[in-house]
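Asks: Sequence:
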Amino acid sequence: MIESLPQRREWELHYFGRSRTTMAFLDELLERHPDKITVWARDELGNKDARLTSLVEDPSAQVYCCGPESLMSALAIATPAERLHLERFVAVDRASSSVATPVNVTCRKSKVSFIVPEDQTILDALEEHGVPIVGSCRKGVCGTCEVRVKEGTPTHLDSVMSDEEKDELGVMYPCVSRASTPTLVLDV
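Those letters in the sequence shown? Residues 1 to 188, per full-length UniProt numbering, in order.
If you are wondering where the hints come from, they were derived from the structure by calculation, not from laboratory data. Predicted, not measured: the structure shown is a model, and the values here were computed from it.
Restricting the straight-line Cα-Cα distance to at most 25 Å, the calculated cross-link-like pairs of lysine to any residue (SDA-like) are:
#, residue 1, residue 2
1, K139, T183
2, K166, Q120
3, K139, D119
4, K109, T153
5, K139, G67
6, K109, Q120
7, K36, A74
8, K139, A76
9, K109, V131
10, K166, G135
11, K36, M23
12, K166, M1
13, K139, L71
14, K139, M72
15, K36, R20
16, K166, E82
17, K166, R83
18, K36, S19
19, K139, G170
20, K139, E165
21, K111, D167
22, K150, D163
23, K139, D167
24, K109, E165
25, K36, S60
26, K150, T181
27, K111, G170
28, K111, T121
29, K150, T101
30, K111, V131
31, K111, K166
32, K166, R138
33, K36, L75
34, K150, E82
35, K166, G67
Go ahead and model the full structure; you've got the sequences and the hints to work with.
Replies: The structure is reproduced here in structure tokens:
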């Protein structure tokens with residue numbers, strides 16, 4: 001991600017971990033960007049949570065985080081949702097709180113329509129009906145299967161970005177997400 005930023009873009013990385021020896025790519029990062037990286041090794045500095053709030057105080061800062069759920073939960077408490085971007089190692093279990101129902105799916109570009117039964121994912125149904133779509137993790141964490149929603153209301157069960165961001169962009173991740181309306185029209 002760092003390498004893909006435009007040269008003029010300001011950024012800093014605060015790297016939290018148990019110890020420097022367990023922090024992936026640390027030596028390479030420090031070698032390439034010595035002035036932009038701050039290392040927070042727990043075995044050297046103690047508990048990290050107390051420092052998180054001060055790191056996210058700048059109201060113009062966008063905060064990107066990947067790591068264990070405890071770290072992301074602490075950041076979610078300290079950071080407004082519109083500035084926080086999380087990448088989870090595992091999906092948050094949101095599916096157990098909703099009951100799947102059949103949904104009518106119409107694919108605008110592919111010109112196919114079908115009913116997705118409650119025991120099948122929308123992604124599996126899209127693939128079954130020959131709709132060109134790529135799925136990777138099938139757990140709602142990678143974002144590979146993103147599709148634009150033209151009509152209907154998705155029930156977001158993934159962990160790719162906040163529900164507000166998905167609604168603003170008009171996208172869903174059909175590997176795990178469903179619909180709260182009887183019909184979805186997708187731009188695939």
